[in-house]
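Colleague: Protein chains in written order, with my numbering: chain Z, 145 to 850; chain B, 145 to 850.
These are computed hints drawn from the structure, not numbers from a lab. Errors might be hidden in some of the hints.
Heads up, the list lumps identical chains together, so a pair's fine if it works in one copy or across two of them.
Said to hold, decoys possible - Okay, derived cross-link-like pairs now, EDC-like style, lysine to aspartate or glutamate, Cα gap no bigger than 16 Å in a straight line:
| no. | residue 1 | residue 2 |
| --- | --- | --- |
| 1 | K680 | E517 |
| 2 | K392 | E466 |
| 3 | K644 | D429 |
| 4 | K788 | E760 |
| 5 | K817 | E368 |
| 6 | K261 | D842 |
| 7 | K788 | E722 |
| 8 | K627 | D823 |
| 9 | K392 | D474 |
| 10 | K205 | E180 |
| 11 | K566 | E297 |
Residue strings, one per chain:
Protein chains: 2
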Amino acid sequence: MENVSISDVRRLFEPQSVAIIGASQDTGKIGYKVVENIIVGGYKGKIYPVNPRGGEVLGLKIFKSVEDIEDAIDVACITVPAKLTEAAVESCGRKGIRYALIITSGFSEIGNLDLEKRIVAMAMRYGVRIMGPNMFGMYSAQVSLNATFGPSEINPGGVAIITQSGALGLAMIGKTFVENIGLSTICSIGNKCDLDEADLMEYLIDHEMTKVIFMYIEGVKQGEKFIAALKRATRKKPVIVVKSGRSKRGAQAAASHTGSLAGADNVFESIMRQCGALRAEDVKDAFEWCKYISNNPIPSGDETVIVTNGGGIGVMATDACEKYGVTLYDNAATLKKVFAAVTPEFGSLKNPVDITGGAKAGDYDQALRVAAECPDINSAIALYCETAVFDIEELPQMVRTMYDFYKDKGKNISFSLFGGAKIRECIEDLGKDKIPVYGNVYDAVSPLGAVYAYRRYLQESSHDVMDIDLDVSAINAIVDNAKKQDRYFLLTNEAQQIMKIAGVPIPQTIIVTSLAEAVKAAETIGYPVVMKVVSKDIIHKSDAGGVAINLLDEKEVIDAYEAIYYNCKTHVPGAYIEGIEVAEMVKPGTEIIAGAKIDPSFGAIVMAGLGGIYVEVMKDVAFRAYPLERRELFSMIQEIRSYKLLLGVRGEKAKDIERLVDTVCKVGAIVHKCKGISDIEINPVVVYEEGAGAKAVDTRILLSKD
Amino acid sequence: MENVSISDVRRLFEPQSVAIIGASQDTGKIGYKVVENIIVGGYKGKIYPVNPRGGEVLGLKIFKSVEDIEDAIDVACITVPAKLTEAAVESCGRKGIRYALIITSGFSEIGNLDLEKRIVAMAMRYGVRIMGPNMFGMYSAQVSLNATFGPSEINPGGVAIITQSGALGLAMIGKTFVENIGLSTICSIGNKCDLDEADLMEYLIDHEMTKVIFMYIEGVKQGEKFIAALKRATRKKPVIVVKSGRSKRGAQAAASHTGSLAGADNVFESIMRQCGALRAEDVKDAFEWCKYISNNPIPSGDETVIVTNGGGIGVMATDACEKYGVTLYDNAATLKKVFAAVTPEFGSLKNPVDITGGAKAGDYDQALRVAAECPDINSAIALYCETAVFDIEELPQMVRTMYDFYKDKGKNISFSLFGGAKIRECIEDLGKDKIPVYGNVYDAVSPLGAVYAYRRYLQESSHDVMDIDLDVSAINAIVDNAKKQDRYFLLTNEAQQIMKIAGVPIPQTIIVTSLAEAVKAAETIGYPVVMKVVSKDIIHKSDAGGVAINLLDEKEVIDAYEAIYYNCKTHVPGAYIEGIEVAEMVKPGTEIIAGAKIDPSFGAIVMAGLGGIYVEVMKDVAFRAYPLERRELFSMIQEIRSYKLLLGVRGEKAKDIERLVDTVCKVGAIVHKCKGISDIEINPVVVYEEGAGAKAVDTRILLSKD
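Construct all of the structure, not just a fragment, from the sequences and the given hints.
Modeller: What follows is the structure in structure tokens.
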């Protein structure tokens, strides 16, 4: 369906009136709970319960039909049984209601696809947009609307949650409340039969109250739309994503649970990186990141300092910084200058700065203050191991003071406090005021890592969406010809032809049928050359003696030509030999795999990785999806673990990454633009030194079957 | 120093009397706090405060010297200033005290190496064994001895903690108390000038009360001793290890903090796997594992089932199971049979078993009960997302009942409860009774993963320590000869000679000085052969035309012999040509790197990994250390990410892993037994198909400089 417009989707999140179709007087029913939550939540608009039985609920008149209501209705929550939803949607349509939240379950999630399709068709007829079905409703802080059947207590705040799982989402409402996380919205998108994450993001991108967006995803349906919205969102605010089904087994479970195809996790992981979304492993991490990011500034630089009273935890925090990508400040002279006066003799002036087990509140105060005042230092991580010399009563005040001090300077600080009951109390109290205090070193570093990952993305992004010039019709002609023959793969020469059309360099190849032609071809190509028999009857060319490599001159070409004919005729009597292929002998270089294919979630995606025999074993590949920017292909290639091979190892020069990127661009454009092609894999692309280009040696192209 | 004996080290942990040398009446002093903790802790033995000033402390007479005490003293805690410690140790020696805990700091940790060495020498003279210096003391539940200056409150229990960090260790006392973790002992080993982790483990291995050992390590000093003790320990009980300095930057920080060399983390990681120790990333995980393992049985089989009321968390738990190595039960027929009666129609009978959002306490009870009763299922993970239909008051009882039910059957269960304030309360209350209930899916799976990792180790272990027959004196002769020439590397032919002595197959090589010899050598070796010039004057042999490969017959050998002479003489006029090497042309196979070297922490270690150019880029190597079992070399090779190459990819046959293991055995034995050799690297070892062997193509040997 068409995308929503931003001005329009605001009516969904900020309705002036809501109807609850299926409102109930029975306190055990969802139709009662939703009405109750809307009232208890202090909704600022008008509330219209609807039920054909009429009556009253919680002091409100129940209308027999939405069409009986005189006012305009912005949003309808539908809680009627599944079989009545179609009629409910129709009445919404007739009433001119723009948005229907179908809370009711019993649709595609249990295999009831037909009913869901009928509802969508009905909605389309009237221009009603649907959220759900099979969802728990929606909370929107902007108008104090808690149109869910979940808990009544919700803290308003800066975190927007979109969840594909209803059960988990409902439980998140309680969890966020107890974890002191304020919400700008929480909504479940259920079966996503119409509106999806991308549509909801349109509102959240410019919604001022929303400081961070958290999405719990099980599977992506309309990938390209999703990516476009996600990229727009991450330009404005951090987006945190949890996607379950990371593992192979988990992906199977997700597919059977949601009915949506869960693509390969490494594809998803790569694409989240492309879009600048922060992927958390689980909801716990995501919540910590949300809390931190919605309450702290994005630092203006990368340099972080650790201040500790114990060497051991200092080392652990250093490990955690490396794990989470937090840069430790390393200017020895400045560190010495800044910290010499506030560090005891046997402490350490290196980073981690060790103010020793003798440190008291005042010592932390001093050390953290000078760090904040140093213009070169942007963030601090303060670690405390409980000691007898530190008066624990002074701890909360020190933490509060330092937190405010850093915030005032637009800098970041997080604390890890390790110890007994009083420390725990301290962490809980400070946490209530949203001060980033943790009971463990890794927990204190992880959210800072998320902030820095986002900062890096913002700095890198340039947003120059590519458009590759491509002779689509010439390629389609080759594809169509193959399909006419009921083939869903292309022959080598067809694939080579497409590479040529797209301008991807391939080894020069000439098919000859005479000795004179062979010699001429070899001279055209330039020595050394390779020769191979061309015959549909000879499958194993090497075994038949049909291949000769490294032919250095005319004499060797003549010898090889005769030998190949003789060998093949002897080895496969009666074989029809169409000719002999004379090809450039490809010089060795770095072997990369590159390609593009149609992903079930994201549509056209491109790929590059370590090539040759290692592809299957090392699975060292990275991906990007459309809309695609050229710089994203460089970051994709940097993501490959064996990227160093392209930078040159053992004294070799750097490889021609620009030309490799060109190749990926072009095969990507083919798959993106030529609908008949589902998969292109070049293995290897041989990449030479900078300026010397890259060559697609072996290209395999598959066609789509629909 | 000599290792302690088990019977002897028991006196350290279960002393009948302790002296506190440096006991103080000043309540702010460590010498006071230790006496107080010993008294408050209810120590079962006799307490003798010692201070030359005499007097009384907390109702106990202060002796002016340990030698004034009439009773025998088992353990002395020394808290005097650093400069007085040598005299204190001497008085311990004269009194015949076996163990001195030197709590005092100011020794090697701040560069004061001499004083520490003097103390060790003094202790050795009298046979006193030292723990520390620079430590917080020791707690031993067996005799209720809290000889630390940390918190007074400690829960006795099944977890033994050995920590290299004093600051972190002290804070752990408070943390374990608040986390409901019971301790059998906690001690810091400080600078490890005498006793180390290995010595303390000797006691803990057979200590019945100790169910699990947790070590916090910053650096290992006597690796081989440590490994031997660790292996003995893991045969009896789980050992959990946290080693900080995982990252490169962290390792530097650790080295500067502890003064001990932190070896490469991938070596440590590999060796922990070898020893069956469970490595946690941080103290939080380690504590969770300790708690779980000390309170739950080791299941008798691997099969685990997830029971959930939400699809989303079920998928996340599946991901977590894959991450932590927990096997999910997969027999569809049995799952159906077992769960059909207890799962609603729209639930899932696959694993994760989804009893749907409508599940109440009774439904969980039923589903978990049938799972426990199924003989094929060994463990369960129960997931609950807070819902309105589940009466939360019934939750704690359901969890308790199920926990007991599983425990009775020798099976494992852990719970993840996700939701608001009441859920949090529930988790806290149940946690006090050591029931494994967590607020997050990954947290609930991780400890089960640790249990299963340990179980797998116990099943695999066989303990057949290898002894390789090796002509050490022949190898030493070659090494000594090189050292006489002030060389710390061996020449190619020396390295080849050592490979031959050790019985490592290398390509056959004959050096010849005449054409006739060359032809004879080629016939002896068998065609095809390679020929290379042998001359100290010609460094770049290929450039000089001094190499010919793939020589197929006598004619080609003759041509090559003459060409090499001619080329070299022309290219490097005046070069002295010692001869020409005729060598077997090595057939292609899987290229592996294998080797052995002296590690600063662990002594002799062996290594194998992905060979060729990928060594530096992919860093895909695994390690093992001595004492070494042959089966451990197989597990080392399985640890390599590219292990699949050895199993055969793209239809290839499996490779000769047995012969590869032989090669590693032998180079390991050389480094382990021949003290002059510090490093052997074979890159590549070419490994052929099963039965076809492996060949060490290029061997580089370095000599030790001390």
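Colleague: Against this structure, judge whether each hint is valid.
Modeller: A quick look at each hint next to the structure:
1. K680 <-> E517: neither (76 Å within a copy, 62 Å between copies)
2. K392 <-> E466: Result: close only across copies, 8 Å inter versus 28 Å intra.
3. K644 <-> D429: neither (48 Å within a copy, 56 Å between copies)
4. K788 <-> E760: between (19 Å within a copy, 9 Å between copies)
5. K817 <-> E368: Only inside one copy: K817 and E368 sit 13 Å apart there, 62 Å across copies, limit 16 Å.
6. K261 <-> D842: neither (44 Å within a copy, 67 Å between copies)
7. K788 <-> E722: Answer is neither; intra-copy 43 Å and inter-copy 39 Å both fail.
8. K627 <-> D823: So K627 and D823 pass the 16 Å test inside one copy only (15 Å; across, 60 Å).
9. K392 <-> D474: Result: close only across copies, 14 Å inter versus 41 Å intra.
10. K205 <-> E180: within (13 Å within a copy, 72 Å between copies)
11. K566 <-> E297: between (29 Å within a copy, 13 Å between copies)
Hint violations for this structure: numbers 1, 3, 6 and 7, all remaining hints satisfied.
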